[in-house]
Amino acid sequence: MLDIKIIKKLTNFDLDIEFKSDKKLIAVVGKSGSGKTTFLRCFGGFEKCSGSIKVDNKEWIKLSPQKRDFGIVFQNYGLFPNMSVYENLKFVENNPQKIDKLLKLMELENLKNIYPHKLSGGEKQRVALSRALMTNPRVLLLDEPFSALDYKLKQKLYEEIELIKQNFDIHIILISHDKSEVFRLADEIIEIENGKIINISYPSYKIAKLIDKKQMLIEVNGEIYKVE
Amino acid sequence: MDITLIDFTPFIVSFKLAFFTTIILFVICLPLAYVMSGYKGKFKVFLEALFSLPIVLPPTVLGYYLLISLNKIDLAFSFGGILIASIIYSFPFMFQPLLSAIENFDKTLIEASYSLKKTKLQTLRYVILPNIKPAIFTGIVIAFGHTIGEFGVVLMVGGSIDGVTKVASIAIYDYSETLDYNLANLYSGILLVFSFLILLVVNLINKRLNVRY
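Residue numbers (the working numbering), protein chains in the order written: chain A, 1 to 228; chain B, 1001 to 1213.
Looking at chain B on its own, in the form it has when it is part of the complex (with noise of 0.2 Å):
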C-alpha cells in the first residue's frame, strides 16, 4: 500500500473535532465543577444524574435527540453540529474528574486561604487549581481520548461528509461497508494505537504528578 496516497483528512477533522471539543468543555466543566461541590441543596442528586447520563445513554439515543434539536437551527449535518454533539456525549469525561478533585479538596487548605484574606477566584487560580492537576491533565486527556474515538453520535448528528463530519472512526465503518480491509485496517490500528498511548500517557504523568502533589 502507498501510504502517501490514503486520504488522512477523516483523521484531521477527528482531532480538530476533540480539540474544540476539549476546550470549550474544559471552560464549562471548571466553573461549573467549583459551583457543583459547594452545592448542598435539594436539586444536587437530580444535577449529578443529569451530568452523568451521557455515559449511560446509548449513542442512537442521544444522536436522534441532538439530530431532532439541531436541525431546527440548521445545524444537523454541519461541524457546529457535531462539535455540540460531541461536547455534550463527552462531557462527563471532562467534568467528573475535575468534580471527584473539587469535593476531595482538603478543606483545610480553602480555609487557611481565606483566613489570609484571600477571595474565593484567588482560593481557586492559587491554590486549588496548581493541587488538582492529576485531574485536571486526566479530564483533558480522556474528553479529547473519548472525542477522537467517538462514532454513534457524530454519525447521527454529523452523517458523513467528506472532510466536514467523517472522523476517523466513520471512515473505518465505511471502509468496512465497502469491503476495503486494508484501510479499515489501518485507520483501526492507528486509533488503537493512539488510544493506548493517551492512557499510557495519562497514567506516567498521572504518576509523577502525584509524588510531588
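For reference, chain A alone in the conformation it holds in the complex (with noise of 0.2 Å):
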C-alpha cells in the first residue's frame, strides 16, 4: 500500500502530489516540466522533500536512498560502463543463482560478459531492469521507459513489466509524458500538472478500431485515443 504526500517547493510552482493506492502499476503522466521527474527524485530520496512517504505503513521521508526499499531504472538506464552485464547485477549481490534467474527471465544470458557500451538501448533497459530487481525491492520506479523505444521494443518492453508484474510482489510506479504509452499497462493514471493532481483514473481499454499492423485507436473510460 502507498500512501504518499510530496511537497517541495520549486522555481515556478510547488510540488504538491499526494494520493494513496493499492494498485500494481502506477502511472505517473504530465508534460515535460510538470514535476513528475522530481517526484520521482523526492520518492528515491535523491531530493529532499517534506511530506510523507508511506510504503506498507513504512515512512521513507526522512530516510537516505540507501534504506529505501526500491528499483529505478533510470531514462539513460545508469549501467555501469566499467563492469558487464554480470558484474552489473553481481554488484548487487554475489548470488549466481539469482542473477542467472533474472538473466534467463529477461533473455540476457547471452549478453553476459558484454560491457554496456556495445549494448542496444533494449538491451540496456533489460540490463536495468535485471539490476533493479536484484534487490527485491517493494517499489520499483521506471522514467520514462518507452522514450528512446521504437515501436518493436515497445512491445517488447509491455511484455517485460507485464512478467515483472505477474512474477513480483511490487508496485511499480511509471513516469510518461505519454498517456497513451501506459493504458496497456496501468492499474492507474495519476495525470499531474504544475506539480499537482489533476486527474486519477483507472482505466479499462477496449480495442476501438485497428488502423494498421503497428496502430490502434482504444476507447478508455468513454475517450478514444490512437496507441501503437
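If you are wondering where the hints come from, they were derived from the structure by calculation, not from laboratory data.
Because the structure is a prediction, the values reported are computed rather than measured.
For glycine and all other residues, C-beta sits at the position ideal for the given N, C-alpha and C.
Please note that a few of the clues may not be correct.
To be verified - Residues from chain B that face chain A, not an exhaustive set, calculated with beta carbons under 7 Å:
hint : residue
1    : Asn-1104
2    : Thr-1108
3    : Glu-1111
4    : Tyr-1114
To be verified - Heads up, simulated DSSO-like pairs for lysine-lysine below, C-alpha to C-alpha not over 27 Å straight-line:
hint : chain 1 : residue 1 : chain 2 : residue 2
5    : B       : Lys-1117  : A       : Lys-62
6    : B       : Lys-1107  : A       : Lys-5
7    : B       : Lys-1117  : A       : Lys-20
8    : A       : Lys-101   : B       : Lys-1118
9    : A       : Lys-48    : A       : Lys-31
10   : B       : Lys-1117  : A       : Lys-8
11   : A       : Lys-112   : B       : Lys-1016
12   : A       : Lys-104   : B       : Lys-1044
13   : A       : Lys-23    : B       : Lys-1117
Each of the two chains sits in its own frame; use the hints to bring them together as a complex.
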C-alpha cells in the first residue's frame, strides 16, 4: 500500500502530490516540466522533500536512498560502464543463482559478458530492469521507459513489465509524458500539471478500431486514443 | 664526454622527490576532491581559489613563505622541507583533474549505486574510481612531471645541497652559473625528453582509456 504526500518548493511552482494506492502499476503522467521527475527523485530520496512517503506503513521521507526499499530504471539506464552485464548484477549481490534466474527471465543470458557500451538501447533497459530487481524491492521506479524505444522494443517492454507484474510482489511507479503509452499497463493513471494532480483514473480499455499493424484506436473510459 | 663520470645524483633526488610527492598528493587529493565535489556551501569559491593558488603564485613568493615557516620547525634546507614545498606547489596539478572528473561524473551512476543499497564509500571505490581512470592517471603523471621540473620553490626552501636537496633543475642552474655547458646541455636534454615522454604517454593512455569508458 502506498500512502504518498510529497511537497517541494520549485522555481515556477510548488510540487504537491498526494495519493493513496494499492494498485500494482501506477503511471504518473504529465508534460515536460510538470514535476513528475522531481516526484520520482523525491520518492527515491535523491532530493530532499517534505511530506510523507509511506510504503506498507513504513515511513521513508527521512531515509537515505540506501534505506528505501526500491529499485529504479533511469531514462539513460545508469549501467556501470566498467562492469559487464553479469557484473552489473553481481555488484548488487553475489548470488549466481539469482543472477542467472533474472538474466534468463529477461533473455540476457547470451549477453552476460558484454559491456554496456556494446549493448543496444533495449538491451540496456533489460539489464537495468534486471539489476533493479536484484534487491527484491517493494517499489520499482521506471523513468520514461518508453521514450527512446521504437515500436518493436516498446511492445517487448510492455511484455517485460507485464512479466514483472506477474512474477514479483511489487508496486511499479512508471513516469511518462505520453498517456497513450501507459493504457496497456497501468492499473491507475495519475495525471499531474504544474506540480498538482489534475486527474486520477483507473483505465479499462477496449480496442475501438485497428488502423494498421502498428496502430489502433482504443476507447478508455469513454475517450478515444490512438496507440501503437 | 665519458658518461660514466657524470653525476646522476640530482636526478635520483628529483625522482625520489617526485615519487613521494605524487603518492602523498594522491592520498590527500582524492578524498578532498570527493568532499569538495559535493560541497555547495558559501566558502566553495574561496576554497577553490585557495586550492588553485600555487598555479598563479610566483614560486619565489611561495618559496619565501615556506622558507620562513619551515625554518621555524627546522625543516628548511632538508629533504623533508622540499617534500612539503613540492606537495603544496604541485597540489593543483593532482587536485584539479580529480575534482573536475568527480564533479562531471554522471550523477545517475551514483544514484543507481545508492538505489542498490551501496554506501558512499562503496560507490566511490567500485563506481566512481574505475570510471575516472583517465583523470587519475593524468593527475598522477602531471603531478610527477611537474615536481621533476620544479626549480624556484625548491631552490628557496632547500638550497643546493648535494644528494639532499639538489634536484636536476637546480643542477642545470649550477652548471650554467659555472659555465659548464656540456653538463648543463646533457641535463637539460634529459629533462626535455622526459617531459615530452610524459605528455606523450598521458595522451596515448588517455586515448585508450577513453575508448573503453
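The hints, checked one at a time:
no., hint, verdict
1, Asn-1104, "14 Å, violated"
2, Thr-1108, "4 Å, holds"
3, Glu-1111, "5 Å, holds"
4, Tyr-1114, "4 Å, holds"
5, B:Lys-1117 with A:Lys-62, "16 Å, holds"
6, B:Lys-1107 with A:Lys-5, "26 Å, holds"
7, B:Lys-1117 with A:Lys-20, "26 Å, holds"
8, A:Lys-101 with B:Lys-1118, "22 Å, holds"
9, A:Lys-48 with A:Lys-31, "23 Å, holds"
10, B:Lys-1117 with A:Lys-8, "25 Å, holds"
11, A:Lys-112 with B:Lys-1016, "45 Å, violated"
12, A:Lys-104 with B:Lys-1044, "49 Å, violated"
13, A:Lys-23 with B:Lys-1117, "25 Å, holds"
Consistency with the previously given hints fails for numbers 1, 11 and 12, ordered from lowest to highest.
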